[in-house]
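Chemist: Protein sequence lines, in the order shown, are assigned to chains H and V.
Sequential numbering from 1 applies to the first sequence in our numbering.
Sequential numbering from 120 applies to the second sequence in our numbering.
These are computed hints drawn from the structure, not numbers from a lab.
For glycine and all other residues, C-beta sits at the position ideal for the given N, C-alpha and C.
Any given hint might turn out to be false.
[As the list claims (entries may be wrong)] Partial selection, computed: residues in chain V whose CB lies under 8 Å from chain H: (1) F152; (2) G161; (3) L162; (4) L164; (5) Y167; (6) V208; (7) F210; (8) E221; (9) F224; (10) P226; (11) G227.
Here are the chains, one letter per residue:
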Amino acid sequence: AQTVTQSQPEMSVQEAETVTLSCTYDTSESDYYLFWYKQPPSRQMILVIRQEAYKQQNATENRFSVNFQKAAKSFSLKISDSQLGDAAMYFCAYRSAYGYGGSQGNLIFGKGTKLSVKP
Amino acid sequence: DAGVIQSPRHEVTEMGQEVTLRCKPISGHDYLFWYRQTMMRGLELLIYFNNNVPIDDSGMPEDRFSAKMPNASFSTLKIQPSEPRDSAVYFCASSSSILSYEQYFGPGTRLTVT
Chain H
1 AQTVTQSQPE MSVQEAETVT LSCTYDTSES DYYLFWYKQP PSRQMILVIR
51 QEAYKQQNAT ENRFSVNFQK AAKSFSLKIS DSQLGDAAMY FCAYRSAYGY
101 GGSQGNLIFG KGTKLSVKP
Chain V
120 DAGVIQSPRH EVTEMGQEVT LRCKPISGHD YLFWYRQTMM RGLELLIYFN
170 NNVPIDDSGM PEDRFSAKMP NASFSTLKIQ PSEPRDSAVY FCASSSSILS
220 YEQYFGPGTR LTVT
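With the hints as constraints, model all of the structure from the sequences given.
Modeler: Next up, the structure:
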């Protein structure tokens, strides 16, 4: 079974600085998707960025980028120029690429990292 | 699009009562997921549907939980009877096409069972 581990329960960053959140995962599959979701105090789960395992190029969305190391099964999120609105829980998630069927369709989440942004 | 809609946003009930949570997926989406979030266990998939048919309910904790999807635009998650350990935030999410990898989440329902 696949697992996702976020080893940093809490992180803090100064406004305008850069912070990196860590995520590792375990799988025997070769094709899959990885995601970072943001959950602000409003509870809404918001997709921040996604990465297809077959793509070597790291995904980037504005101030958010990932460092995807497939061999090491590592998927970290870098937030540049941190803003107060970035304060939230961040969840790393894994999904098999082999379509839906049985338990293959669901997202497997890490426990989350709580990010605080200091003004 | 209005996004995934869930109701109620908050529910407080007494142990033993029946609780019904509701979800309207994004129009055109043919997959619907129910998740539960607690401090202890994090985010867990309870059940998901494809074209209104339950595909995997292995995450449903016990027989007190049931979920239905009578049509493409509506799903319910029912707990009967409710217990204090059911207190959690319940999310509904939807996605489109068999190969879609992006799930869109609703705002969640915070359930408190006293």
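Chemist: Against this structure, judge whether each hint is valid.
Modeler: Each hint, compared with the structure:
1. For V/F152, the interface hint holds, the least distance from its beta-carbon to any beta-carbon of chain H being 7 Å, beneath 8 Å.
2. Below 8 Å, beta-carbon pairs count as interface contacts, and V/G161 has one with chain H at about 5 Å; its hint therefore holds.
3. Nearest Cβ of chain H to the Cβ of V/L162: about 4 Å, under the 8 Å cut. The hint holds.
4. Satisfaction of the interface hint for V/L164 is found here, the shortest Cβ-Cβ separation to chain H being roughly 4 Å, below the 8 Å cut-off.
5. A cut of 8 Å between beta carbons decides the hint on V/Y167: the least distance to chain H is about 6 Å, and the hint holds.
6. The restraint placing V/V208 at the interface with chain H holds, with a minimum CB-CB distance near 6 Å, inside the 8 Å limit.
7. This hint holds: V/F210 has a C-beta 7 Å from the nearest C-beta of chain H, less than the 8 Å allowed.
8. Checking V/E221 against chain H: minimum C-beta separation of about 6 Å stays under 8 Å; hint holds.
9. With 8 Å as the threshold, the beta carbon of V/F224 comes within range of chain H, its nearest partner Cβ sitting at about 4 Å, so the hint holds.
10. Restraint check, V/P226 versus chain H: the minimum CB separation of about 5 Å is within 8 Å; hint holds.
11. At about 5 Å, the closest approach between the beta carbon of V/G227 and any beta carbon in chain H falls short of 8 Å, and the interface hint on this residue holds.
Of the numbered hints given earlier, the model fails none.
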